[in-house]
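K.L.:
Sequence:
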Amino acid sequence: MSNWQPLETAPRNGSKVDVWTANGVRYIDVFWHKSPDYPDGAFVYYDSYLADYIDVDDATHWMPPPTPPRQNGSEG
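According to my numbering, the sequence shown is numbered sequentially starting from 988.
Quick caveat, the hints were computed from the structure, so don't treat them as lab data.
Take the hints with a grain of salt, since some may be wrong.
Pairwise CB distance ranges (calculated) [what the hints assert, rightly or not]:
{"no.": "1", "residue 1": "1045", "residue 2": "1001", "range": "32 to 40 Å"}
{"no.": "2", "residue 1": "1057", "residue 2": "1009", "range": "32 to 40 Å"}
{"no.": "3", "residue 1": "1059", "residue 2": "1023", "range": "44 to 52 Å"}
{"no.": "4", "residue 1": "1002", "residue 2": "1027", "range": "15 to 23 Å"}
{"no.": "5", "residue 1": "1053", "residue 2": "1023", "range": "29 to 37 Å"}
{"no.": "6", "residue 1": "1057", "residue 2": "993", "range": "26 to 34 Å"}
{"no.": "7", "residue 1": "1021", "residue 2": "1057", "range": "13 to 21 Å"}
{"no.": "8", "residue 1": "995", "residue 2": "1059", "range": "37 to 45 Å"}
{"no.": "9", "residue 1": "1056", "residue 2": "1028", "range": "28 to 36 Å"}
{"no.": "10", "residue 1": "1001", "residue 2": "1059", "range": "29 to 37 Å"}
{"no.": "11", "residue 1": "1055", "residue 2": "1024", "range": "13 to 21 Å"}
Being a predicted model, the structure only gives us computed values, none of them experimental.
Just so you know, even glycine gets a beta-carbon here, dropped at the ideal spot from N, CA and C.
I would like the entire structure built from these sequences, with the hints used as guidance.
P.N.:
Right under this line is the structure:
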């Protein structure tokens, strides 16, 4: 069962989501960002190597990120 939803329904409040693109690429930790560089807003991710926001302009679908695994405190 797929949780992918049309991009038009994605949150635009800064929440991180996963997106799927028209080219079949999945990006994680994507969020809606509005700034002088993106005055109309855009779905972006932060590239720490480039120290810049990258626009995912061909995104078509989104889904919430998966729930992280539980930590039981006895790793070893």
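K.L.:
All hints, please: hold or fail.
P.N.:
Verification of the hints:
no.	hint	result
1	1045 <-> 1001: 32 to 40 Å	violated, 21 Å
2	1057 <-> 1009: 32 to 40 Å	holds, 35 Å
3	1059 <-> 1023: 44 to 52 Å	holds, 46 Å
4	1002 <-> 1027: 15 to 23 Å	holds, 19 Å
5	1053 <-> 1023: 29 to 37 Å	holds, 33 Å
6	1057 <-> 993: 26 to 34 Å	holds, 31 Å
7	1021 <-> 1057: 13 to 21 Å	violated, 35 Å
8	995 <-> 1059: 37 to 45 Å	holds, 40 Å
9	1056 <-> 1028: 28 to 36 Å	holds, 33 Å
10	1001 <-> 1059: 29 to 37 Å	holds, 31 Å
11	1055 <-> 1024: 13 to 21 Å	violated, 31 Å
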